[in-house]
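Undergrad: My request is simple: use the sequences and hints to build the entire structure.
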Amino acid sequence: MTTAAGPRGGDRGLLPDLAGRRELVGGWAAITLIHYFVVEAIAMAAWRGDPPYDRREHVISDLGAAHCGPFNGYDVCSPLNWLMNASFVLQGVAMVMGAVLVSSAVLSVAAEPGQRGIRPSMASRSAEAFPWIAAGAVRALILVAGIGQAMVGLVPEDTELALHLTGAGMYFIAGPIALVVLGLVWRGHTQMSWMVLLFGVVSLGTTIYVLAVQLRVEEAGAIERTMAYPIILGLSLVGLIVAHRVTRERKAVRTLGQRPSVQ
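When the sequence shown is numbered by this note's numbering, its final residue is 263 and no position is left out of the sequence of numbers.
I should point out that these hints are in silico values taken from the structure, not numbers from a laboratory. You may find that some hints are simply not true.
To be verified - Label pairs and their in silico Cβ distance ranges:
#1 Arg55 - Ala252: 40 to 48 Å
#2 Arg248 - Val89: 14 to 22 Å
#3 Arg56 - Leu83: 18 to 26 Å
#4 Pro70 - His189: 19 to 27 Å
#5 Ile42 - Glu219: 20 to 28 Å
#6 Glu57 - Gln214: 13 to 21 Å
#7 Trp82 - Glu57: 35 to 43 Å
#8 Ala252 - Val25: 13 to 21 Å
#9 Ala212 - Thr166: 16 to 24 Å
#10 Thr159 - Val217: 19 to 27 Å
Just so you know, even glycine gets a beta-carbon here, dropped at the ideal spot from N, CA and C.
TA: This is the structure:
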């Protein structure tokens with residue numbers, strides 16, 4: 001299915017398919033990331049460790065610790081660790097689905113109906129090629145971040161810490177970079193671009209700070225959440241924008257198809 005205008009002849013492949021079902025599913029997949037906040041609150045309420053769970057002091061991964069006992073300088077005990085880890089994995093799967101299903105053509109134009117997606121080989125100037133190339137990079141970055149987030153859930157911190165940290169690193173580095181790049185690409189296409197960019201800058205800036213001090217930070221939980229929350233909110237916003245505009249375009253296509261032809 002194509003957009004209401006529909007690509008024709010030499011334009012075929014240049015215009016994003018804003019009425020495509022895969023784009024709609026990809027957008028909604030990204031929106032589902034928001035479930036994390038509900039799961040986190042439930043897992044925190046079930047915490048049995050010592051001291052009581054504190055968002056400022058305890059890192060998020062403590063909620064997914066597989067065993068009760070000493071870890072990271074205090075006693076962790078999260079009876080609903082399976083729920084928290086399932087959330088990590090589902091977030092990762094949703095990000096992978098979004099990266100695979102939402103095309104570079106759609107991301108390069110912020111899902112704006114009527115906008116043209118230019119392929120690098122067809123662009124006369126590098127500036128024209130940038131949105132398409134950048135959108136492809138965003139998809140790759142979200143894919144890497146999604147795989148990393150799934151690793152965080154599949155390998156709890158108290159089972160194989162090195163692999164767990166590798167997955168977290170993939171998520172915290174690739175995720176915010178994707179938002180920063182996409183925010184820049186979407187400037188001039190949607191008023192939400194500044195929010196996407198802001199979420200990316202906040203998360204990326206905090207990540208750079210943490211790496212600069214070699215992970216030695218006070219109130220680790222607060223710092224980690226400053227890294228993680230903007231990624232979740234930013235990608236959910238991206239999914240909302242894509243899903244909303246694809247839904248609107250699909251309705252327009254159906255309406256156009258129902259109108260009687262003029263003889």
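Undergrad: Starting from the hint list further up, note which numbers the structure goes against and sort them upward.
TA: Checked against the structure, the hints that fail are numbers 2, 4 and 7, while the rest are satisfied.
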